[in-house]
Structure formats: structure tokens, C-alpha cells
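Participant: Each chain, letter by letter, is given below.
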Amino acid sequence: MANHEEFLIELKGIRKYYDREVLHVEQLLFKKGHVYGVIGPSGAGKSTLLRIINLLTPPDSGTLLFHDRPIPANGAGRLAIQRKMTLVFQKTLLFKDSVRNNVAYGLKARGFPRSVIDERVGSLLKQVGMTDLAARRADTLSGGEAQRVTIARAVAFEPELLLLDEPTANLDPGNVELIEEMITKLARNKAITVVMVTHNVFQARRIADQVIFINQGRIVEMGPTEKIFSAPDHENTRLFVEGRMVY
Amino acid sequence: MSRLFEGIIEAFRLIITLNPALLQIVSLSLRVSGMAVVIAALIGIPLGALLGLKPEKKTRLLNKIIFTFMGMPPVVAGLIIYLILSRQGPLGVLGLLYTPTAMIIAQVFLASPIVIGLTMIGIRARGCDVEEMARSLGAGSVLIAWTVIMESRFAILGAIITGFSRVVAEVGAVMIVGGNIAGHTRVMTTAIVLETRKGNFELAIGLGLILLIISFIINSGLYSIQKGGKNG
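As they're listed, the protein sequences go chains W and G. Under the numbering used here, the first residue of the first sequence carries the number 175, and numbering increases by one thereafter. Under the numbering used here, the first residue of the second sequence carries the number 170, and numbering increases by one thereafter.
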């Protein structure tokens, strides 16, 4: 059993309704420096889960704890916690500005000095192979390039929690490999907690330490990746990871 | 036809020789419409941004009202401002009727709904996504607002230019509240009406040509801005 201090974020009794209940999580804990893969069919509540954790969508009930403390409803305390995490959206969105300024955005928002911004942005662009395109308008990049910039922008300020919503959807295998490598390196080297929603169960198996299977807004099963894939407790989990339809 | 041709020749002569009467009218037109559109932008951009970031179903009635005002006939705007500024009106005590200030107020009334409406449409196209992205990257409320406006800058510039085009070419409102007083409230459009009635076609055509040139410059600028926005 892990020490409670190791938990970065905890969800307690979280419920969200739109025209119906889309998410109901009794308890969910994320440990520091781990990579979590969130899998489940379309409309299962995966993206809503990420949005609630990122404080973009307020839950209808329940509480979120960050380092064991409740997240304030508003004010500077909430912004300070929001600044420790970020979400890479399913739909790639870059600002109509240069690649360099896109990657620097989060650093500027946090008031980092110019020298730190230049150093980090330069280093990240090198890592994602985009140094030559630093001055280029970001909205002219290809899909793969744009997603690499999006991830570089998200990790530039070294968040404690990186939330990824289908980060490699519609990318070619080369870019998928590059992004997966970036994610695993970040978790390993910087102790960043990664929560990645993916439709691709094989991707979850490749990079996640823990897998969470969600269906109809509820967590069906959560556990170490190999256990979920080789000996799941729940029948629906087994069917889903075998690529069968689950409703 | 020959009258039109002669008028055009004479108009060019007036423009090239920088005729003082012509310059005075053009200068007042640009000052009145320029000031009106600056004020309309100060009102319209924040309001349009605010509305553009709200869900459409919450602003449906407001949208309809704004779109109605976007197409309001200038004479109606002129009449409303006239009644407000006339001696018996609520602001009659200010004595603004038949002054350039009254003309600016009338044009602000005409241009603001255009700036609000077009800004709202521009921001609605992308603003919510940008707002969430900025928030997720740790931006505070001031930086979020700035980012949303900057990301919609081409649409907002288009809104301002469209507002200016609308007011610089209108005649009804400025005629009613300005009175077309020579050297005081006479602008290009009201002067064209007057000079045509007097049979002084050269000056009327000269002013018409200048209006067309201004319109061409504005629309060329708008086209370049929008093309720049699409092509990077």
C-alpha cells in the first residue's frame, strides 16, 4: 500500500450531469510520477473526467483534493493549483503566433524570466525536432508538427500533472512513437504524473503503469496495466481490451 | 453624359489643386467618422467579446436585437439622437444639436451594433476554445481576455473597418443632427446632396470620387487583413 503522501490528486464522490449522469466517481487517486491510461468506449465520460480534474468543468457534486487539500472554488489558490497542471485537448489548438511564442505561453503566464523562457523553449523545440520552425506561424504546421508543439507547450512549465486527451489521434506512426516517447520520458525524468485518455488500448498498454477502464460514466476497473490486460477482474474490461463492443 | 464627364475632369482638378472647401469637408468627415468608430470600438469590442464567450442559447434575444440595430436605417438613428439632443429632449440642456459632437454620437449609435455583432461572431467562432486553452495553460483572467482578443484580431479589425465604412458613407443621421452647416457640420455625404441640388456637379462628383477612393482603400485593407489572417 502506497503512502498517502504520494498521491497528487484525489477525486471523492464526483458526479456530473448533462441531460443524464455522465460521470460518477466514488474515489480515484493519482500517484506522483505515474502514467495512467484511461480507456473506455466513446461517451464513457473519459474527457469529462479530464476536464473536471483540470478545473475547466465544475462537478455537480463531490470534491477534488490536490496534495491532500481541497481545491478552492475560486481565487488565487485555485489559479495556483490550476497552474500546476495542464490539459492537451483532443482538438489541436495553437495560437496564431510563432511556434516559439506558443511554447513560451505558459511560462510567460507564470512570469518566468526571459532567460529561463528562452532556454526552456530552445531545449524543448530541440527535443521535438522543431528548432528550424521556431519562427514559423503555428497555424501553418502539419498535424504531427502541431501536436508536437502542443505537447512541448504543455510541458514547458513542468506541470506536476499532465492530462492528455487522445494526444495521438490522427497522427502517423512516426509521430505517435515520438509523442509516446516524450510522455514516458517526462514521467520518468521529471516525475510528472500523466493521465492519458486514449481509444487505443494498445497505446495504453505500451505506456501506462496503471489503466482505468470507464464505461457509462463509472470506473469499472483500475489496476496495473498488465493485470488489466491479462487478468482483469471484470468481464466488461476483458471484452473491451480484447477489442469487443462493450455497452 | 458629357456633364458627368466634365464633372469628373473638374473633380480631378479640385482634388489635385487641393481645393480648400473640399479639404475642409473631407477633413471633418474623417474626423467625425474616425472618432465615432474609435468610441464604437471601445464599447463594441469588450461587449462583443463578452457575448461571444457566452453560450449562444443564453444570448439569443440579445443577438436578435444587435443584428436588428446593425441594419438600422441612418435616418432612424438620426431621428432618435435628434429627439434626445433637441431642446425638449433629455440631453437638450447640453446644447449639442447641430455640432460635430452630435454627429459623432449619431455615428457611434450606428457603428456600435456593427462592431459588437461582428466581434461577437468572430469570437464565437474560436473564442471558447481559446479561452479554455489559455486557462488550461495557467493564464489569469487578464491574459485570457487579451489572448481571446488577439486570437480574434482579424475578425475584430474587420468589424472596426466595416463600422467605419458604414458611418463615413451614411447621410441620413448626420444630416438630421448636424444640419449640414457650411464650415461647421458639413461632411462629404451631406455636401454631395447639397451640391447636387444646387447643380454644382463638379464638387459633388469630386466628393463622390473621394468617398469611393476611401472605400477602396478601406476594403483593400480589409481584404489584406483577412487574407493575412487565413494565410498566416
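Rather than coming from a laboratory, the hints here were simulated on the basis of the structure. Quick caveat: nothing in here was measured; it's all calculated off a predicted structure. It is possible that some hints are incorrect.
[Claimed, not checked] Quick list of in silico lysine-lysine cross-link-like pairs, DSSO-like style, CA-CA up to 30 Å:
1. W:LYS282 <-> W:LYS364
2. W:LYS265 <-> G:LYS223
3. G:LYS227 <-> W:LYS270
4. W:LYS258 <-> G:LYS223
5. W:LYS282 <-> G:LYS223
6. W:LYS265 <-> G:LYS396
7. G:LYS226 <-> W:LYS270
8. G:LYS396 <-> W:LYS270
Participant: Each hint: holds or not?
Facilitator: Hint by hint, here is what the structure shows:
1. Our distance criterion of 30 Å between C-alpha atoms is met by W:LYS282 and W:LYS364, whose separation comes to about 21 Å.
2. At most 30 Å may separate the alpha-carbon atoms for a hinted pair to count; W:LYS265 and G:LYS223 meet this at roughly 20 Å.
3. Pair hint G:LYS227 plus W:LYS270 holds up; C-alpha atoms about 28 Å apart against a cutoff of 30 Å.
4. Note on W:LYS258 and G:LYS223: the hinted pairing holds, with a Cα-Cα distance of about 27 Å set against a maximum of 30 Å.
5. With a C-alpha separation of about 27 Å, the suggested pair W:LYS282 and G:LYS223 falls inside the 30 Å cut-off, and the hint holds.
6. Distance hint between W:LYS265 and G:LYS396 is fulfilled; the C-alpha atoms sit about 24 Å from each other, no more than 30 Å.
7. Of the supplied pair hints, the one linking G:LYS226 and W:LYS270 holds, its CA atoms being roughly 28 Å apart against a limit of 30 Å.
8. The suggested pairing of G:LYS396 with W:LYS270 holds, with an alpha-carbon distance near 14 Å, which does not exceed 30 Å.
Going down the numbered hints, you'll see the structure goes against none, and every one checks out.
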